[in-house]
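Each residue of the sequence shown is one higher than the one before, counting from -13 in my numbering.
Warning: the hint list may mix true and false statements.
Within a straight-line C-alpha distance of at most 25 Å, the following computed DMTMM-like cross-link-like pairs (lysine to aspartate or glutamate) qualify [what the hints assert, rightly or not]: (1) K133 with D115; (2) K49 with E1; (3) K(-11) with D71; (4) K133 with E122; (5) K133 with E100; (6) K49 with E29; (7) K40 with E29; (8) K40 with E10; (9) K(-11) with E56; (10) K199 with D178; (11) K199 with E156; (12) K133 with D163; (13) K199 with E255; (14) K199 with E210; (15) K(-11) with E1; (16) K40 with D71; (17) K133 with D178; (18) K(-11) with E10; (19) K49 with D77; (20) K40 with E100; (21) K133 with E255; (22) K133 with E27.
DEER-style ranges, computed between Cβ atoms [claimed, not checked]: (23) R268 with V238: 26 to 36 Å; (24) Y53 with R274: 46 to 56 Å; (25) K40 with W256: 49 to 59 Å; (26) F30 with P257: 34 to 44 Å; (27) K49 with Q96: 46 to 56 Å; (28) R274 with L95: 15 to 25 Å; (29) R61 with E271: 54 to 64 Å; (30) R123 with R177: 33 to 43 Å; (31) E56 with R109: 26 to 36 Å; (32) W256 with V99: 36 to 46 Å; (33) F30 with L137: 37 to 47 Å.
Since the hints were made in silico from the structure, they are not lab data.
Just so it is clear, the structure is predicted and the values come from calculations on it, not from any experiment.
Backbone N, C-alpha and C fix where the C-beta goes; we use that ideal spot for every residue, glycine too.
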Amino acid sequence: MTKSLWLSSLIMVAECGSFTRAAERLGITQAAVSQHIQRLEAEFGSVLIRRPRKMELTPTGQKLLAYAREMQMARRRLLSSLEEDTPYRGDLTLATPGSIGLHIYPLLLQMQVEHPGLSIQHRFAPTADILSAVLERRAEFGLVTSKPDDLRLATRRFASEALSLVVPAEQAGTGWDDLMRLGFIDHPDGRDMAMRLLSRRYPGCSVAALPVKGFSNQIGLILEPVALGLGFTVLPHFAVQAFARQAAIRVVTGTPQVMDTLWLIHRAEWPLSARARYVLGRLAEQTRTAPDP
-13 MTKSLWLSSL IMVAECGSFT RAAERLGITQ AAVSQHIQRL EAEFGSVLIR RPRKMELTPT
47 GQKLLAYARE MQMARRRLLS SLEEDTPYRG DLTLATPGSI GLHIYPLLLQ MQVEHPGLSI
107 QHRFAPTADI LSAVLERRAE FGLVTSKPDD LRLATRRFAS EALSLVVPAE QAGTGWDDLM
167 RLGFIDHPDG RDMAMRLLSR RYPGCSVAAL PVKGFSNQIG LILEPVALGL GFTVLPHFAV
227 QAFARQAAIR VVTGTPQVMD TLWLIHRAEW PLSARARYVL GRLAEQTRTA PDP
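Take the sequences, apply the hints, and build the full model.
This is the structure:
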């Protein structure tokens, strides 16, 4: 016999006002209902005041009844969440780096417009924070730019993203001397990205010698000074594609390209929910159809 049965009897007695009707509703004997109430009273003290025509809950009984109803509702919510794993309803949490985050955010909003029962919480974060969020179940899945070596995580390739050299739209020359005169708009990953791309595009030139003309740690703002002609920068392709004023910037095409892989991660022991699979399918379609830089 468990406390959940005792509490169920308490709820029914309070609703029906008698042991007999409570027993009928529960499909058990009146003696069993009486025994359940006695067990509660043995553990918590007086629960019911028994009168000839009416029973009344004591203060302890009222507190136990409130607790019992909370437990009953929690169980119903649990069963509902286990049974209703649908693609278009429920909560979904995910975390991504800034570039792919800017690219997918409008589609995440669109999916919520299409399916009002779907609630998506999207967090921009660096790789270390994304890993922690997924491992601690604060995010159902994440996208990261380096493949993690952790057996608790399921990992697969999600998309590829090129690094882009971005200059003001009116900038004609894109030789090394032109870039030196223009100056570099830095950001938290700016030097690393510039080294990886420019050292290949301009072999023998010193990336460390580039004059810095500005800095921003907000991914959505890094291209603003470039658009105003204040410098150039190197950013992942999806961040460039998401910039609103495309006419004010220009991506310098060339070889070799530097490509990064975006990895999808989630807890290995838990399958993705139906809504996570739905959202990922829509996101994968958008990244596949994104134009090459």
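To see whether the hints hold, each was checked on the structure:
no. : hint                       : in the structure
1   : K133 with D115             : holds (14 Å)
2   : K49 with E1                : holds (15 Å)
3   : K(-11) with D71            : violated (29 Å)
4   : K133 with E122             : holds (18 Å)
5   : K133 with E100             : violated (33 Å)
6   : K49 with E29               : holds (14 Å)
7   : K40 with E29               : holds (24 Å)
8   : K40 with E10               : holds (18 Å)
9   : K(-11) with E56            : holds (14 Å)
10  : K199 with D178             : holds (17 Å)
11  : K199 with E156             : holds (17 Å)
12  : K133 with D163             : violated (36 Å)
13  : K199 with E255             : violated (48 Å)
14  : K199 with E210             : holds (13 Å)
15  : K(-11) with E1             : holds (18 Å)
16  : K40 with D71               : violated (44 Å)
17  : K133 with D178             : holds (18 Å)
18  : K(-11) with E10            : holds (20 Å)
19  : K49 with D77               : violated (32 Å)
20  : K40 with E100              : violated (53 Å)
21  : K133 with E255             : holds (18 Å)
22  : K133 with E27              : violated (58 Å)
23  : R268 with V238: 26 to 36 Å : holds (31 Å)
24  : Y53 with R274: 46 to 56 Å  : holds (52 Å)
25  : K40 with W256: 49 to 59 Å  : holds (50 Å)
26  : F30 with P257: 34 to 44 Å  : holds (41 Å)
27  : K49 with Q96: 46 to 56 Å   : holds (47 Å)
28  : R274 with L95: 15 to 25 Å  : holds (20 Å)
29  : R61 with E271: 54 to 64 Å  : violated (38 Å)
30  : R123 with R177: 33 to 43 Å : holds (34 Å)
31  : E56 with R109: 26 to 36 Å  : holds (30 Å)
32  : W256 with V99: 36 to 46 Å  : violated (28 Å)
33  : F30 with L137: 37 to 47 Å  : holds (46 Å)
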